[in-house]
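Residue numbers (my numbering), protein chains in the order written: chain F, 1 to 259; chain H, 1 to 259; chain X, 1 to 259; chain S, 1 to 259.
Heads up, some of the hints might be wrong.
No distinction is drawn between identical chains; accordingly, a pair holds when it is met within one copy or between any pair of copies.
Said to hold, decoys possible - List of simulated lysine-lysine pairs, DSS-like, C-alpha gap at most 25 Å:
hint	residue 1	residue 2
1	Lys21	Lys191
2	Lys58	Lys86
3	Lys65	Lys21
4	Lys58	Lys21
5	Lys191	Lys65
6	Lys229	Lys191
7	Lys58	Lys30
8	Lys229	Lys156
9	Lys229	Lys86
10	Lys21	Lys214
11	Lys30	Lys156
12	Lys208	Lys21
13	Lys162	Lys229
14	Lys58	Lys214
15	Lys156	Lys191
16	Lys162	Lys208
17	Lys65	Lys214
Because the hints were derived from the structure by calculation, they are not lab data.
There are 4 protein chains.
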Amino acid sequence: MSAVGEGDWALLIVEGRERRKSYVFRVRSKASYTTFAGSLRGSQLVGIPWGSRVELGKGVAYVLKPNLYDLMMHVLPRRSQVIYPKDAGYIASAAGLLPGMRVLEAGAGSGFLTIWLAAHVCPGGAVYTYEVRSDMRELAASNVRAAGLEGCVTIKEGDIRKGAEERELDAAFLDMPDPWEALGPIRPSLKPSAPVVVFTPTVNQVIKLLDALKSIGGYAVQEVSELIKREWEARPEALRPAVRMIGHTGFITVLRALA
Amino acid sequence: MSAVGEGDWALLIVEGRERRKSYVFRVRSKASYTTFAGSLRGSQLVGIPWGSRVELGKGVAYVLKPNLYDLMMHVLPRRSQVIYPKDAGYIASAAGLLPGMRVLEAGAGSGFLTIWLAAHVCPGGAVYTYEVRSDMRELAASNVRAAGLEGCVTIKEGDIRKGAEERELDAAFLDMPDPWEALGPIRPSLKPSAPVVVFTPTVNQVIKLLDALKSIGGYAVQEVSELIKREWEARPEALRPAVRMIGHTGFITVLRALA
Amino acid sequence: MSAVGEGDWALLIVEGRERRKSYVFRVRSKASYTTFAGSLRGSQLVGIPWGSRVELGKGVAYVLKPNLYDLMMHVLPRRSQVIYPKDAGYIASAAGLLPGMRVLEAGAGSGFLTIWLAAHVCPGGAVYTYEVRSDMRELAASNVRAAGLEGCVTIKEGDIRKGAEERELDAAFLDMPDPWEALGPIRPSLKPSAPVVVFTPTVNQVIKLLDALKSIGGYAVQEVSELIKREWEARPEALRPAVRMIGHTGFITVLRALA
Amino acid sequence: MSAVGEGDWALLIVEGRERRKSYVFRVRSKASYTTFAGSLRGSQLVGIPWGSRVELGKGVAYVLKPNLYDLMMHVLPRRSQVIYPKDAGYIASAAGLLPGMRVLEAGAGSGFLTIWLAAHVCPGGAVYTYEVRSDMRELAASNVRAAGLEGCVTIKEGDIRKGAEERELDAAFLDMPDPWEALGPIRPSLKPSAPVVVFTPTVNQVIKLLDALKSIGGYAVQEVSELIKREWEARPEALRPAVRMIGHTGFITVLRALA
């Protein structure tokens, strides 16, 4: 569809004199939308081509069709701390994910990492994601469907700390408070050499994980790292890093399953 | 195959008392391999199961089957500055890539970003990558084949600054010294709203790009950012960021094509 | 004085269950003070020893005598972007400041950098700081007096782009939008080898400065850098970098005067 | 002295086509010096004015009188991990140091932090620094003399974990592996509200320190932070952060003594 339709998701990039800000919302012809540079009515949007420019009182708005990134950053519902694209992109590439691979995830949470993993292994591959809470399973399922990736994702009820039913998996991804409880139980589900990527917010968890591995056995440590995303103010006459930034999301530990 | 074979690529994670280092090489029974913690002979490796542990003089080695990440970080040949996984992963996720999408890249370079893009859109999608130098086209083709992704990648001879033949593309990726020369010409190849992600090492290029966009038109700026990867020394009794790190690779500018 | 007196400045470090926050204010027995963990009355503070602990509804407050750092971070008035301690400390040490040195500054601004410079060269040394705006000169003078350093500081009316009257200075510090306009004029005021430290918020200014130096002459470039301060959440059971941080203040360029 | 003399320390900033590097050495007329851009003889240096320019085979050298920063970064001898100017500058400013203050340090180490502390409190103030090792005491004393600050520094034999003899100190600085052992014993030496700044390389030490404080008592936690210095390649036509950087030195914890 080349024109904005009633009920479509829209991404608005609004440019003022010294600022730029993105908004994502559903277009309703009877609604009105407020931005830092002025308001606009839904009726101004319905029917215009995607990629149009709309004048605002104190700036300009570009009306764009949002992609998966925009939806995840702005509107997909979340009921837990989610893994952001900067981390998800690296986690998937650090695991060497390829189409057709079969991977394990726990827990599903709001399904954000699930979506990025599925985007890599789909079609032909599979993400098996375990989640104990039924409300989170429903939310994750709904978000995965919004991304159109439900064909490659199986959301399973169950506590990964009791292991997974699958075998010969190519990789595993743990985003849970106590990953050390899961590492032993999931070991039989993994191919030797399979990467296991663990995401944890605190250094205490990294220490406990590395310490626990000595007694758990069955894994080699490949890397501990963190990714820091620094946004810049995109003004060609006064280019500089943004004053405020997100200083931390979590630590990424990459393990490899042994024989 | 569950055992290390003659000629296989192997990833060795070597752990000493205070260090850990990875090595990737082809296993040859008659060769010998030197690590910081001691040497081992190829004949010790051939025939043992993947994921085995081998004692070294001053440490231990884990013998693992390398994945795409390991091959790209250690052995895929490169004849140019490549885009590393931390950036490639974010670039792909910032563009909202999904299986089946059709995207443009220029230039192919050593094919590293090509591989990550293909890993997302494959199968069903396509990466069309333009490269003026024939030696780079051959190198990129060889690396894409090594990753098993040649079915989704078309490496084309041609100067992207004269535009691309394809139409209705979902995204474009520019890793070239003068991306502002390509933005006008490729505009007709892109769907309205399509993300265009530009990777440039210097702030001068970012300034020139943002400045040029005012006269080129046809695009909205969504974001300028950089990703900083900080590795940590993975010692549970003395956890700390590594003393030496890579401080910079490049700046990522995300644009969106207008109507 | 070992007890809190009416009208004294106080620093309150308030600890709640998961947060910690500092407040600086003048103690007034008739006032009341609100913190995130509950309120307290001024009458609870007057007369208690410095370093006392006061229970709040949802936490605890420590009542401390603020030092120069606390006053500068919280209450010294500012009418311009100021240079923060992380930058000021490095700027002074990068210039090798020692007691007794005589240095130049422009502009005085709110006097924050002036104070740190004076703290190094005092007593016996001198800071000559030029400022065109009379309101800023008054503010800087007032802040320097609050720090007790007025004996070493001379705040001068004048445009540094026309040069300085002093001679044989040990260092110079430029915090102004167009430092390239001042470099030529101040050159005769500096000892050969003297460091000149320039602080600028944007990369455009750094580029323009480095470019201008080629035609201005008279200086060698020693270093361009930036300092990033990352605060951590100080919880021993869940230690992690703070989620929100200041991502940027400015770039520090160190030059050396030639013969 | 305005001319380079035999035996003087010299700072050479050497500029090549794409690089810049600093060297510090003693000038000897019979010696010769090798830089990345070519060699020069000591006889070329003796007698020329400070701030002179010397042509090299593949670049140019600026001959400068080194300041305290240059000497500390390049030539002052060290027999331990030292505290660099970026951290030392912030540590001193975070403690609100002013001329005339009396402060405690442990251990002296190579005397680098001692020097920065003395540069603040001198003259009129005092740094009392405790060190158990006699070889380190001698080294620290020698470095403090090289900086000309010996009048304000007392280097004391003794184990700070048994406390300090001084009373009514304005601040304390701990750069030692087990700072939690010293906090109780030094408490009687500090004025209420005095800042205590602790520098530790690992997160394990930060956790142990914060944990220990609960039972030690007598202190409030003001801040935990780290300073990251990012150097830039100072080329106006291709400005960018340096590819390689120091990723970590240590964590800075600021405490305040209670009543």
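Each hint, compared with the structure:
In this homomeric assembly, Lys21 and Lys191 come within 25 Å of each other (Cα to Cα) only across copies, at 22 Å, whereas the closest approach inside a single copy is 45 Å. Taking CA atoms no more than 25 Å apart as the test, Lys58 paired with Lys86 passes in neither setting, with 32 Å inside one copy and 36 Å between copies. Proximity of Lys65 to Lys21 under the C-alpha cut-off of 25 Å is restricted to the intra-copy arrangement: shortest distance 16 Å within a copy versus 42 Å between copies. Proximity of Lys58 and Lys21 under a CA criterion of 25 Å is satisfied intra-copy only: 13 Å inside one chain copy versus 37 Å between copies.
With identical chains, the CA atoms of Lys191 and Lys65 are at most 25 Å apart between copies only, with a shortest distance of 10 Å across copies and 40 Å within one. Taking the shortest Cα distances, Lys229 and Lys191 never come within 25 Å of each other, neither inside one copy (33 Å) nor across copies (28 Å). In this assembly of identical chains, the alpha carbons of Lys58 and Lys30 lie at most 25 Å apart only when taken from the same copy (22 Å versus 46 Å across copies). For the homomeric pair Lys229 and Lys156, neither the shortest alpha-carbon distance inside one copy (32 Å) nor that between copies (33 Å) is at most 25 Å.
Proximity of Lys229 to Lys86 under the C-alpha cut-off of 25 Å is found in both arrangements, the shortest distances being 7 Å within a copy and 10 Å between copies. Proximity of Lys21 to Lys214 under the C-alpha cut-off of 25 Å is restricted to the inter-copy arrangement: shortest distance 18 Å between copies versus 47 Å within a copy. Proximity of Lys30 and Lys156 under a CA criterion of 25 Å is satisfied in neither setting, with 41 Å inside one chain copy and 48 Å between copies. In this assembly of identical chains, the alpha carbons of Lys208 and Lys21 lie at most 25 Å apart only when taken from different copies (22 Å versus 40 Å within one copy).
Within a single copy, Lys162 and Lys229 get their C-alpha atoms no closer than 35 Å, and across copies no closer than 33 Å, so neither meets the 25 Å cut-off. For a Cα distance limit of 25 Å, the shortest separation of Lys58 from Lys214 across copies, 18 Å, qualifies, whereas the shortest one inside one copy, 60 Å, does not. With identical chains, the CA atoms of Lys156 and Lys191 are at most 25 Å apart within one copy only, with a shortest distance of 21 Å there and 37 Å across copies. In this assembly of identical chains, Lys162 and Lys208 lie within 25 Å of each other by CA distance solely inside one copy; the values are 20 Å within and 33 Å between copies.
Only between protomers do Lys65 and Lys214 lie at most 25 Å apart by alpha-carbon distance; the minimum there is 22 Å, versus 49 Å within a single protomer.
The structure does not agree with the numbered hints 2, 6, 8, 11, 13 stated previously, though it agrees with the rest.
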